[in-house]
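Just so you know, the sequences run in chain order U and V.
Here the first sequence is numbered in this note's numbering, starting from 20 and rising by one per residue.
Here the second sequence is numbered in this note's numbering, starting from -6 and rising by one per residue.
Just so you know, the hints here were simulated from the structure itself, not pulled from any lab data.
Given the structure is predicted, the values throughout are model-derived calculations rather than measurements.
Think of the CB as a built atom: it goes at the ideal place given N, C-alpha and C, for glycine as much as any other residue.
Please note that the accuracy of each hint is not assured.
[Claimed, not checked] Think about it this way: if two alpha-carbon atoms lie no more than 30 Å apart in a straight line, the pair counts; the simulated DSS-like pairs of lysine-lysine are:
1. Lys90/V - Lys80/U
2. Lys107/U - Lys189/U
3. Lys103/V - Lys189/U
4. Lys242/U - Lys24/V
5. Lys103/V - Lys218/U
6. Lys21/U - Lys242/U
7. Lys90/V - Lys216/U
8. Lys199/U - Lys61/V
9. Lys97/V - Lys210/U
10. Lys61/V - Lys93/U
11. Lys103/V - Lys51/U
12. Lys61/V - Lys210/U
13. Lys199/U - Lys103/V
14. Lys216/U - Lys97/V
15. Lys97/V - Lys218/U
16. Lys210/U - Lys92/V
17. Lys80/U - Lys61/V
18. Lys103/V - Lys242/U
[Unchecked claim] Rough simulated footprint, nothing fancy, chain V against chain U, three-plus residues with beta-carbon under 8 Å:
19. 35 to 44
20. 187 to 199
21. 278 to 286
[Claimed, not checked] Away from chain U, derived, C-beta distances all over 12 Å, residues of chain V:
22. Lys24
23. Gln27
24. Asn29
25. Ile31
26. Ser34
27. Gly56
28. Gln62
29. Thr66
30. Phe68
31. Ala73
32. Leu80
33. Thr86
34. Lys92
35. Ser94
36. Arg96
37. Glu100
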Amino acid sequence: MKLAMSLPQFEAELNTDRCDAYTNAELTLTLKLGFRQINPAGGTAEGAYHDYGDPAETTRKIVKWTTGSWNLWKQNFVASATRFWNGKFWLSNNFPLYECEKNPLGIWIQHNPVGIRPWDGKSWLPAGFRADDSTSLRYRPNIWCLLKIEDRDIKLGGHHHVIDVVRLHKSETWFGSHAKLYDSLDINSVKKGRNSKGKPIMQRAHVHEIGHLLGLAHVDVGKPHCPPGGDTNASNCYGVADVDKYSVMGQGMQLRLSHAMPWRKAMVALSGKGNALATGDWEAKLQKLYPRLPAEVATNAMLTTRPNRK
Amino acid sequence: MTSTAPRNLAMIILVLSGMLGLLGPAHATGKRCQMNAIERSKCIIEAILADISRTYTQVGGGGISAIKQNSTTSFTVSIAQEERTDLLTYEATVDAKGKVSVRKIGEDTKSR
Chain U
20 MKLAMSLPQF EAELNTDRCD AYTNAELTLT LKLGFRQINP AGGTAEGAYH
70 DYGDPAETTR KIVKWTTGSW NLWKQNFVAS ATRFWNGKFW LSNNFPLYEC
120 EKNPLGIWIQ HNPVGIRPWD GKSWLPAGFR ADDSTSLRYR PNIWCLLKIE
170 DRDIKLGGHH HVIDVVRLHK SETWFGSHAK LYDSLDINSV KKGRNSKGKP
220 IMQRAHVHEI GHLLGLAHVD VGKPHCPPGG DTNASNCYGV ADVDKYSVMG
270 QGMQLRLSHA MPWRKAMVAL SGKGNALATG DWEAKLQKLY PRLPAEVATN
320 AMLTTRPNRK
Chain V
-6 MTSTAPRNLA MIILVLSGML GLLGPAHATG KRCQMNAIER SKCIIEAILA
44 DISRTYTQVG GGGISAIKQN STTSFTVSIA QEERTDLLTY EATVDAKGKV
94 SVRKIGEDTK SR
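Can you make the complete structure from the sequences, with help from the hints?
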């Protein structure tokens, strides 16, 4: 079964077609990005562009994109951002949804909100069909969180976000970017800040920006030094304590369980069950959670090591 | 020659330690800070920069993009960062001996 929904920020699709003792359902969020070149004015090979695209700000030297450099940059952007965010979280399924079982005939069947069906996902079993509960094993899959970033041709339209990109001259080391304006160095790891011991904290800007595109806020938003009603781009919002600075939504590269929120919200919307603000609903883990048997569900066991199933 | 050497050494240590942010509360000192408006503002800016070196930890970004004088004794330093510009406002005092002290009185952000 595939359930899908479209939101202004991204698309979400839940795929429960594959279900067995070791295989979870998959929830894929898809970001359709349109990248647009910013080139020197007048078709020249070199030129200048202002930080943040603001004519009142500092200019940086830029060079014209070539077909090769443009394609390579986009490939690197998509591949490295996907590698960072894709497949990192698992959500614990605390609802009796999407369960599957191997019946005495050795056939995998799946339980859905509207009935049960065989493994192939095509033909429905007759209404009222029940497997023999005394001999069958029913598994409740968890949710594996996936991210797909689609580099969608700008001419096609239908993007969730359009991002302008400047190619910096080799003499430049920095450009003032924001969520919709990147530079060619934004995929590189750079020193973003330092911790309380003076050690550098490194970050690749584009993975931070992808977090924003998924709806994530800066790490300290909601704390007294970064109230939600204030400017949530204030420096304190990027973390004051070292542990917060290290977050990818701060100054560093670390993933946190709170970063699974876009997937948790999507599961609530797709399943119609739970509340993303309730910690026990679709609870996130940074380790694979194996599908559970009823007794394991009853004790809320989190199976992070591969269980021995018959 | 020999009597000025220790003084020169002390000056070098003072400047270097100021650059490294080891002096505690940011200040510049000396008669030159009273000489004229250029020297006074220069002393204030140096003290502000020393404080930023010591206290501002988000050392990535594009660096200082502007220093604006708001009043005779107040300056705002703009620091370019991804997604924003940080605005640090300082108030300075210059005493009779030319000692400059600065105090940060505001931190603001211009979002992008």
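How the hints compare with the structure:
no.: 1; hint: Lys90/V - Lys80/U; verdict: 45 Å, violated
no.: 2; hint: Lys107/U - Lys189/U; verdict: 34 Å, violated
no.: 3; hint: Lys103/V - Lys189/U; verdict: 28 Å, holds
no.: 4; hint: Lys242/U - Lys24/V; verdict: 45 Å, violated
no.: 5; hint: Lys103/V - Lys218/U; verdict: 27 Å, holds
no.: 6; hint: Lys21/U - Lys242/U; verdict: 39 Å, violated
no.: 7; hint: Lys90/V - Lys216/U; verdict: 36 Å, violated
no.: 8; hint: Lys199/U - Lys61/V; verdict: 28 Å, holds
no.: 9; hint: Lys97/V - Lys210/U; verdict: 25 Å, holds
no.: 10; hint: Lys61/V - Lys93/U; verdict: 39 Å, violated
no.: 11; hint: Lys103/V - Lys51/U; verdict: 29 Å, holds
no.: 12; hint: Lys61/V - Lys210/U; verdict: 27 Å, holds
no.: 13; hint: Lys199/U - Lys103/V; verdict: 16 Å, holds
no.: 14; hint: Lys216/U - Lys97/V; verdict: 22 Å, holds
no.: 15; hint: Lys97/V - Lys218/U; verdict: 24 Å, holds
no.: 16; hint: Lys210/U - Lys92/V; verdict: 35 Å, violated
no.: 17; hint: Lys80/U - Lys61/V; verdict: 24 Å, holds
no.: 18; hint: Lys103/V - Lys242/U; verdict: 20 Å, holds
no.: 19; hint: 35 to 44; verdict: violated (count 0)
no.: 20; hint: 187 to 199; verdict: holds (count 6)
no.: 21; hint: 278 to 286; verdict: violated (count 0)
no.: 22; hint: Lys24; verdict: 34 Å, holds
no.: 23; hint: Gln27; verdict: 33 Å, holds
no.: 24; hint: Asn29; verdict: 30 Å, holds
no.: 25; hint: Ile31; verdict: 24 Å, holds
no.: 26; hint: Ser34; verdict: 22 Å, holds
no.: 27; hint: Gly56; verdict: 8 Å, violated
no.: 28; hint: Gln62; verdict: 18 Å, holds
no.: 29; hint: Thr66; verdict: 24 Å, holds
no.: 30; hint: Phe68; verdict: 18 Å, holds
no.: 31; hint: Ala73; verdict: 5 Å, violated
no.: 32; hint: Leu80; verdict: 10 Å, violated
no.: 33; hint: Thr86; verdict: 26 Å, holds
no.: 34; hint: Lys92; verdict: 28 Å, holds
no.: 35; hint: Ser94; verdict: 24 Å, holds
no.: 36; hint: Arg96; verdict: 18 Å, holds
no.: 37; hint: Glu100; verdict: 7 Å, violated
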